[in-house]
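Undergrad: Each chain, letter by letter, is given below.
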Amino acid sequence: MLSIKNLTVNVNDKQILKGINLEIKPGEIHAIMGPNGSGKSTLSHILSGKAGYTVTGGSVTYQGKDLLEMAPEIRAREGVFLAFQYPVEIPGVSNIYLLKAALNSIRKHHGQPEVDAMDFLTLVKGKVRLLEMDEKFLYRAVNEGFSGGEKKRNEILQMAILEPKLCILDETDSGLDIDALKVVAEGVNSLRAADRSFVMVTHYQRLLDYIKPDFVHVLANGQIVKSGGAELALELEEKGYSWLEDSKAAV
Amino acid sequence: MTAATASRYTAEYSNIAPTLPGQNLPWLTALRQEALTKFSALGFPSLREEEWRYTNVSAIEKKLFSPSLIGQAQELVSTELLASYQLPDTWSVVLLDGHFCAEFSVLEGLPETVSVMSMAEALAKQPEIVARYINQAVNNDEHSFVAFNTAWFTDGLFVHVPAKLVLEKPIQVLHLNTQNDALASTRTVIVAEQMADIKVIETFVGLDAAYLSAAVTEVFVGPNADITLYKLQCESDKAYHFGGIYVKQAKDARFIHHNFAFGGLLARSDIHTDLDLASECELNGLYLGVNRQHIDNHTRINHLKPHGISRELYKGVLDDRARGVFQGRVIVAEDAQKTDSQMNNRNLLLSNDAEADTKPQLEIYADDVKCAHGVTVGQLDEKSIFYLQSRCIDEETARNMLTFAFANEMVDKIKIKSLHDQALEQVLIRFPQEGVNKEWL
Ligand SMILES: Nc1ncnc2c1ncn2[C@@H]1O[C@H](COP(=O)(O)OP(=O)(O)OP(=O)(O)O)[C@@H](O)[C@H]1O
Ligand SMILES: [Mg+2]
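Chains S and X, in that order, give the protein sequences. To convert, take the position in the first sequence, counting from 1, and add 22; that gives this note's numbering. To convert, take the position in the second sequence, counting from 1, and add 101; that gives this note's numbering.
If we strip away everything but chain X, and leave its shape as in the complex, we get (with noise of 0.2 angstroms):
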């Protein structure tokens, strides 16, 4: 918002700085200098601004998220609630406030030749392979929630992967979060080199507490390599959530995006991506809104070179006050002869309080290019009703039926297994209606 406001975070800076990692490394000092600068400046984004003009983050400031120290919280962690949230046959990194946890990560039988470390550590080893990736997907101008995270991380993840290899598990990165009024900002780099494939699933979860998880993860695809990136955002709902994934694809490389996000009061997602020559993007996304949750999904797919494909898919169900924003850009620049691409935002809408605000955004410079797009802001189809109804199904059935259809739809693209079923259940217990027999599916 205001210089004003934002001074609150900037004075206690200098408390926080000395705690930070990258200390030794003055390329870093000097790029979160960079950063605090442009945040104090700023502030948190304002509803000024085009990309933020559906979500007020005014609430944000009048409070002071500050960082939790390492280790804190760790008795809270009950082996139970890591249990739930922590994926098996994955390798699984846990960063427990904001700071990366050995205790609970579980990284053996990784191939040698692959890093997964805490942004941390790999400050500390290899700051110069680090020092290529970070801000090079997204810079501190994107927007102060980018700048802020970059003066403020306190950790993350690197994840680097060499070419042509296959990882045969996902790689799952829990940020688990348990501090009332606490500041969990992480910076994660990940990098596919050619022909490489791997899946990184981002888990954010909470106890119920009101916090402020602040993430930012850059992604590197490399030539003709492959990444499939799944978010699943259940944060605690008195939670504040920015999420950030910034993605550079080379030539021919293909990422593919799930996005869940069903928790948090407050939560923003930004999925942008830029596509060399020939490359593919598939943007998936679920949005389920309850209460009074505020749910904006911002998308930017930018189409620089010829060939590239993208498709996206976005869904929302809003009940009781709940509202959901969706923005999604398509930017195809002069250059970018033959794009095809595809944008479709649905939304239904549960009650009559409920709100979606949805804002398809073509921006086309070149002229021989296939784009479509198109949103839906509505109710459920009464002809699939009576179908259901005429298969036996009560009306009210038939409805819960059809609510919990069209959010599986998103569901269902998951290809791994528990993934799946965690955020199944995750849908199942936003909506428990009785319609939807779990043992039946």
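So here's chain S without its partners, still in its complex pose (with noise of 0.2 angstroms):
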């Protein structure tokens, strides 16, 4: 699904990701965790194109074509969905527009007609109850006035209605309270499939008892410095981050 390797990327000449590597398989999940200012988002940034960052070396694979070549709407409409850790409030474009919008791209991309007008409504209105969330917020500007919790399940609202096959998830948990992280967290195994795989940046533990990832990573200071099963998170959750940068630092 995902390869990536060596990648290094600086902002403004100054050096973030150090020569990242990852191997993500269909049907994956894998957290990345690590200390504020470790790179995260940058990752999760480059991996959906935004602009800004220079890749300085390395490569990124998606379903065998280069990703780093191809525009963010392609990524999306290939199926990478990011998201964000600060959803953009868009005041002015209604949500459920924003969805049409996204899903006929999405579709005119394969080669499909648009999507029919009730069988539209019918899907967004499924996924709005899987999310618990109230079917006023389609009608409402993108995220324009949502609370941080609000904002975070309308991601997941998007990305359960698009169906992406690469989810990257930046701490879709933070700002969400036990209720919200539980209906959140069942709207993400929803998804499950063996063809789709999820990135989940996170802090916490917490999220990782609802989703149970097959591999954790630990990015510190722009490297991933390791890596084990799920068993892994239990331990930063005990120990905290230090004695990793430390031995790396030893290396």
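Simulated from the structure, these hints should not be mistaken for lab results. Please read all numbers here as calculations on a predicted model, not as lab measurements. A few of these clues could be false.
Unchecked claim - Taking lysine-lysine and the DSBU-like style, the derived pairs with C-alpha atoms no more than 30 angstroms apart in a straight line are:
#1 S/Lys147 / X/Lys539
#2 S/Lys147 / X/Lys484
#3 S/Lys87 / X/Lys484
#4 S/Lys72 / X/Lys139
#5 X/Lys516 / S/Lys147
#6 X/Lys514 / S/Lys147
#7 X/Lys514 / X/Lys300
#8 S/Lys27 / S/Lys187
#9 X/Lys270 / X/Lys300
#10 S/Lys40 / X/Lys516
#11 S/Lys27 / X/Lys484
#12 S/Lys187 / X/Lys484
#13 S/Lys72 / X/Lys484
#14 X/Lys516 / S/Lys158
#15 X/Lys265 / X/Lys300
#16 X/Lys352 / X/Lys265
#17 X/Lys139 / X/Lys226
#18 X/Lys300 / S/Lys147
#19 X/Lys265 / S/Lys158
#20 S/Lys36 / X/Lys484
Two chains, each in its own frame: build the complex with the hints.
TA: This is how it looks when you write it as structure tokens:
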């Protein structure tokens, strides 16, 4: 699904990612943890094609294609989805309009006709129920005036409707209360499929209690300093990151 | 500009005067005479005047716009044209080239206690009531466009709503202009007595002609009354438009204005309101400029008494070589303690040749007030563009969508469905990119 090799990235001549290697197979769930400022969001942004970063080395291959060559919208249409750490407010564009525009862009990309209006509404309303949201949110402007938790839930709603292949969740759990976390986790779990992979950036074990990862990676100072199974997250919860950063520095 | 150029209009006045309504009313003749004298001395406003410094109206003086005769153009107005602007579910008054047109107007079923009639009829039937209001929310000294309107107005509308009456449907005033070189000068008076609640829509449209539309509207919001006034200005792109709205708010009165300035080669609106004790006003505006349009909006919020609240948001989208002007004055009198005022003007420039001039002015003479203002002139937000791209939208479409969204925020504030759809249509006509698929809205 995704193969990241020796990826190095600069922002304003400062190296942020210092040689990332990551292999993600279809159906796998990878959690990425790590201290603030270690480069987790940078990695998410690079994968989704945000401008302002310079790739200085390495490669990213997605479904056999060079991901870095694709425009952001092409990546999205090919199935890469980023649930933002800080979702952007778009006053004046309703949620439902954006959902329809996005879905139809994907369909057009794959040579399919526009979605039928009734089918679309049925689909959207079903997902709204799945995420225990109020239908009113559909008709509100994208994220405008949403609470922190509502924004995160809205990201997952979009994801559930667009059915991407590679779902990148950048700290979707932060800002969610316990109940919301459960709902969002259920939403994510309902999307689990043999041909769909997840990258979940998180600081907390509690998300991983609900969505069990196959792999946990620790990103520190622009590098993956340790990888392991789900149990690694528990160890991190207990010990923090410093032992890893230190051990790395000692290498 | 100068008395010399204004004299062309003045010279013609003696021919026009006998055709104007209210000939038999000495007070009105005197008022018109005073206005004529003021206008003759000053001419149209000049760039030297602070409140006109960005808007050059000398083109109006180089031409000579004259009032057209009643009924001259009725056959030019097709049912389709009328249907495309006349809103269903309203009481609708049509002012055709500056004259009330009974044939096109729809006034059946108005409550008996409400008067909605042409200004000419009001001057004939109840001049003493009109006299109480005319030139009371503004006077001939404001600037010479007001004086010009006072001297020249051929008709207009008079609306009076008694205390406690909530009018179930809005009243639409459709200004329809059809003639080249014509002047449509109208005076409208809107009165809502204590605790009344009304919505009025002023629509300005025209055929493809170069005309001057000069309208003055005086609004009186009684104690604890509500008036929401919409203005949809879609004049012909060759037309000149001046529209002044002057409001007096009594104690606890609420006034909401939505100003959509879309049309005209050169268009200027004044929205001025005086607030009494604990009255509230909300001024919303959206101006869209393309080609060489010049669109000027001038607002003045006058907090005269304590506890007033004012909220103002004006947005402009300017493309090609268009120029948008926003001048917003907020005056807080010494007596107006605890005033709470916010003013915002945001401009989106879509081309390097487009221009936005924005000038917020706060004049605060009280010491215990909360006043904020902000202006921006800029391009689209890159973060938002990326967000949309990450949701499968290509960059160009994302830009169009955001431009539309920027404007649509103001359209979405319209609470009357038919008017909302009409304004939306007008926005889409002006920004026809495929970025916004109307069927999905
Ligand atoms: N545009 C930028 N200019 C300069 N530095 C930047 C820029 N964007 C990111 N950085 C820096 O890159 C580093 C990594 O940032 P990133 O947002 O990827 O961290 P993170 O791991 O997501 O942190 P957090 O857990 O706080 O979300 C930080 O030191 C940050 O300050
Ligand atoms: Mg981050």
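Undergrad: Each of the hints needs a verdict: does it hold here or not?
TA: Structure-based check of each hint:
Straight-line distance between C-alpha atoms of lysine 147 of chain S and lysine 539 of chain X comes to about 21 angstroms, which keeps the hinted pair within the 30 angstroms bound. Our distance criterion of 30 angstroms between C-alpha atoms is met by lysine 147 of chain S and lysine 484 of chain X, whose separation comes to about 28 angstroms. Taken as a hint, the lysine 87 of chain S and lysine 484 of chain X pair is honoured in the structure, with Cα atoms around 26 angstroms apart against an allowance of 30 angstroms. Between the alpha carbons of lysine 72 of chain S and lysine 139 of chain X the distance comes to roughly 61 angstroms, so the proposed pair goes past 30 angstroms and is violated.
About 26 angstroms separates the Cα atoms of lysine 516 of chain X and lysine 147 of chain S, which keeps this hinted pair within 30 angstroms; it holds. Between lysine 514 of chain X and lysine 147 of chain S, the direct Cα distance comes to roughly 25 angstroms. Compliance with the 30 angstroms bound is thereby established for this hinted pair. A threshold of 30 angstroms between alpha carbons decides the hint, and for lysine 514 of chain X with lysine 300 of chain X the separation of about 14 angstroms falls inside it, so the pair holds. Our distance criterion of 30 angstroms between C-alpha atoms is met by lysine 27 of chain S and lysine 187 of chain S, whose separation comes to about 20 angstroms.
Pair hint lysine 270 of chain X plus lysine 300 of chain X holds up; C-alpha atoms about 7 angstroms apart against a cutoff of 30 angstroms. For the hint linking lysine 40 of chain S to lysine 516 of chain X, the alpha-carbon distance of about 54 angstroms lies beyond 30 angstroms, and the restraint is violated. The straight-line distance between the Cα atoms of lysine 27 of chain S and lysine 484 of chain X is roughly 28 angstroms, inside the 30 angstroms bound, and the hint therefore holds. Distance hint between lysine 187 of chain S and lysine 484 of chain X is fulfilled; the C-alpha atoms sit about 24 angstroms from each other, no more than 30 angstroms.
Distance check on the hinted pair: lysine 72 of chain S and lysine 484 of chain X sit about 9 angstroms apart at the alpha-carbon level, within 30 angstroms; holds. Taking the CA atoms of lysine 516 of chain X and lysine 158 of chain S, the gap is near 17 angstroms; set against the 30 angstroms cutoff, the hint holds. Straight-line distance between C-alpha atoms of lysine 265 of chain X and lysine 300 of chain X comes to about 14 angstroms, which keeps the hinted pair within the 30 angstroms bound. Between the alpha carbons of lysine 352 of chain X and lysine 265 of chain X the distance comes to roughly 15 angstroms, so the proposed pair stays at or under 30 angstroms and holds.
The suggested pairing of lysine 139 of chain X with lysine 226 of chain X holds, with an alpha-carbon distance near 29 angstroms, which does not exceed 30 angstroms. For the hint linking lysine 300 of chain X to lysine 147 of chain S, the alpha-carbon distance of about 35 angstroms lies beyond 30 angstroms, and the restraint is violated. Annotation: proposed proximity of lysine 265 of chain X to lysine 158 of chain S is violated, straight-line Cα distance about 33 angstroms (limit 30 angstroms). Between the alpha carbons of lysine 36 of chain S and lysine 484 of chain X the distance comes to roughly 21 angstroms, so the proposed pair stays at or under 30 angstroms and holds.
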